[in-house]
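Which chain is which? The protein sequence lines are A and B, in order. Mapping of the first sequence onto numbering that gives the first Met the number 0: position 362 corresponds to residue 361, and the numbering continues sequentially without gaps. Mapping of the second sequence onto numbering that gives the first Met the number 0: position 415 corresponds to residue 414, and the numbering continues sequentially without gaps.
Calculated from the structure, these hints are not laboratory results. Each statement offered as a hint is correct.
Given that identical chains are not distinguished, each listed pair holds provided it fits within a single copy or across any two copies.
List time: in silico BS3-like cross-link candidates among lysine-lysine, alpha-carbon distance up to 25 Å:
| id | residue 1 | residue 2 |
| --- | --- | --- |
| 1 | Lys124 | Lys341 |
| 2 | Lys76 | Lys33 |
| 3 | Lys154 | Lys95 |
| 4 | Lys186 | Lys262 |
| 5 | Lys33 | Lys154 |
| 6 | Lys33 | Lys277 |
Only a predicted model underlies this, so the values are computations on that prediction, with no experimental measurement involved.
2 protein chains.
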Amino acid sequence: MKLTNLFTKTTKDIPSDETSKNAQLLIRAGFVHKTMAGVYAFLPLGLRVLNNIENIVRKHLNRIGGQEILMNSLHPKIWWEKTNRWEGVDILFKLKSQTNSEYALACSHEEQVTPVVGSFINSWKDLPQYSKVNGTFPLSVYQIQTKFRDELRAKSGLLRGREFRMKDMYDFHINKESQDEYYEIVKETYLKIYSELGLKVYSVQASGGIFTENESHEFQAVCGAGEDEILYSESDGFAINSEIYDEYVAKGGKAPAKETLKKAVSAEVGNIFKLDDKYTKPFEVSINDKDNKPLTPLMNCHGLGTSRVLGVIAEIYNDEKGLKWPESVAPFKYHLITNKEKDETLNKQILDLASKFYSGNLVLVQKENGEFEFDDITDFNFPIISKDPSEFASEHVLWDNRENASIGEKLKDADLIGCPIQLVISKRSLENGGVEVRNRNSGESKVVAV
Amino acid sequence: MKLTNLFTKTTKDIPSDETSKNAQLLIRAGFVHKTMAGVYAFLPLGLRVLNNIENIVRKHLNRIGGQEILMNSLHPKIWWEKTNRWEGVDILFKLKSQTNSEYALACSHEEQVTPVVGSFINSWKDLPQYSKVNGTFPLSVYQIQTKFRDELRAKSGLLRGREFRMKDMYDFHINKESQDEYYEIVKETYLKIYSELGLKVYSVQASGGIFTENESHEFQAVCGAGEDEILYSESDGFAINSEIYDEYVAKGGKAPAKETLKKAVSAEVGNIFKLDDKYTKPFEVSINDKDNKPLTPLMNCHGLGTSRVLGVIAEIYNDEKGLKWPESVAPFKYHLITNKEKDETLNKQILDLASKFYSGNLVLVQKENGEFEFDDITDFNFPIISKDPSEFASEHVLWDNRENASIGEKLKDADLIGCPIQLVISKRSLENGGVEVRNRNSGESKVVAV
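Kindly produce the complete structure, drawing on both the sequences and the hints.
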């Protein structure tokens, strides 16, 4: 994408009530726009990051048999009365239609997914267990969707919102063995997701769940803007909510000695629950077991706030100059900077080189030793994936082609926006033998010959 | 995707209040689940079609410089008061928070996009005109998002909903020339989008817009479930709302003689409006013109209901057996049917062949004369796009691998689900020399040698 085709600009104007680092940085860099406390619009750069995060989540959930669906925000009141959550959930938004029908604005979808799935299952055969050999997975559905919470106080920027993006998955089982097994599969998958997102995350027993029937885990990322505190060990991955350490040990839970653990403020970036029949029972979901007797399926549910994850990544990956996105979620991998030179020949040389890179005919390759080199692929009979190579390449390159800004201003913007690799093609870089390649994360810079 | 990994089933159970053909078919085939009148959840097959539709829309809008963003559903009351729409829009859902703040649940996003874009523009330089040579486009943003309308009566299945998916685009201009020019570009683009979606659509002057300042066009598809009536000519593409034909001609509008036009019930599948300064004025968006004087930008807006389009396609593309999706939006291109045979050798032969097709190592190619042939690409050094070929292939193939259903039942389901090409690998097809390839649209069937 060319910067002159991007309507956002970096700014120093931050709403006066915005005290969180993640929202401040995301607003300054033009990734989000604040609507009101806890409600943000995603602008082009921010939406690209959000899409990258959500597509990583999708990929991993599809691999464990997750079937993507898209449920609704408007829920009939009767669903939430059935589970005693119409009055029981204090952050539930409620609204009334012209015809006086009452709806919940969904903050969670157990009340919808249970009857939906229930309408398609009749027999134990509809709820298979995991089998690696046969490639079968339990019935597991998920959606990535906008959720609403009537928070008394929205805070921490994108971390605790009134309107936010979330992935929620629900799975159904004929017995505890299948339920427990898939719960562990999802737990492992979550850690893979966070790892690909660039987050070091610990899975911890949720405070309510110690040795109770309804097991639940939270996924905590060490992050100063979080609301929790964990005790953790980097070496063996053990982590626990610091407020339940003593109780956990007293009840016989195994944990490293307290003084060997690190303590840190953390942000919850996901949670998984064993719901058992909490929802299948009130919705009267019943199937036939192998002996043709009625069976109420068991459920798990698994949440992962994708816009919150975006906020947590922004909160962790930054320095005094701005954002430093992990490559997996960065809006663009490359931030290309050129300047208009007065000398026409030089100007043409710079633009030709930049266009070649932008259109994908010149690619930057990182060698095994970490060094970069350019590969000219104009002459190759390269299997182009997109029919229009410029469309494909422009997915990876943000080209600051502005004519009215200096290299200095452009570098400042590039540092704030935070794409992993900056390339500067200028009079100076050419005099030094090529293109200046700067690593936003390490700060290293080197001129690479073309 | 293997059918045994799909939790939905075809069904004969349709909610008794569901009278529209599109919703009946989509429910029977397992594409959607009805939450309540005007509110539907998208199940895996339905979401695939919706994604296909929305990605076609994206592709075309990106080509004319559209920048994708994602705005919010919760809007502060003050925005809608500014434009007199808090009281003025009767289908606006309103809700109150715990802290007594009032919000609109957005049915449209002029109230949000205007201040958002306004915060990024200062000068006429920020609002370029279209230039084919320079590759510049006017500032144009769009989103594809869930919208809410408090309809008194939701009806026609997915055609008039209370919660639905919509693409809305907004563009900003320094003068009428640029505004008018881009309006025409979007109008052309809309026709390209509908054409790729498989819809024959006419652009008609909206009834309110005859020779008034605020021009507006509707896009109408001939469709029995629609709410409008048009007079149209297939040969030259002329179309007009039948109720304004007389007035239009009386005021000097050029139109073919009434008796030469066809009359049909039609469904609106999009609309475009010239908003001028209707929103930029109350939101006090002001930039400097070339003479450094204040200028209020002009706006257009362009709506396209993506879930409604899905309903219209379902309403048009079907027969007594079920759905017949155009290839561009079909959930899968191929519906592969195999049966478990008692003879082990034969069974293995069938499964091997099916697996080969499913994993992308055997591809069906349509020759110039329309005939099909299979290409075995196992031996080729084929540039595989996905690293895991089976992941890639399974995007295109729905494999009915059930062991407990007959070929007859499977064909019935395949006809109902409506993927464009059905392949049957069975004892009979192998005896006849290969794979039976059936065209869902034409009904033609042929055995193609492998």
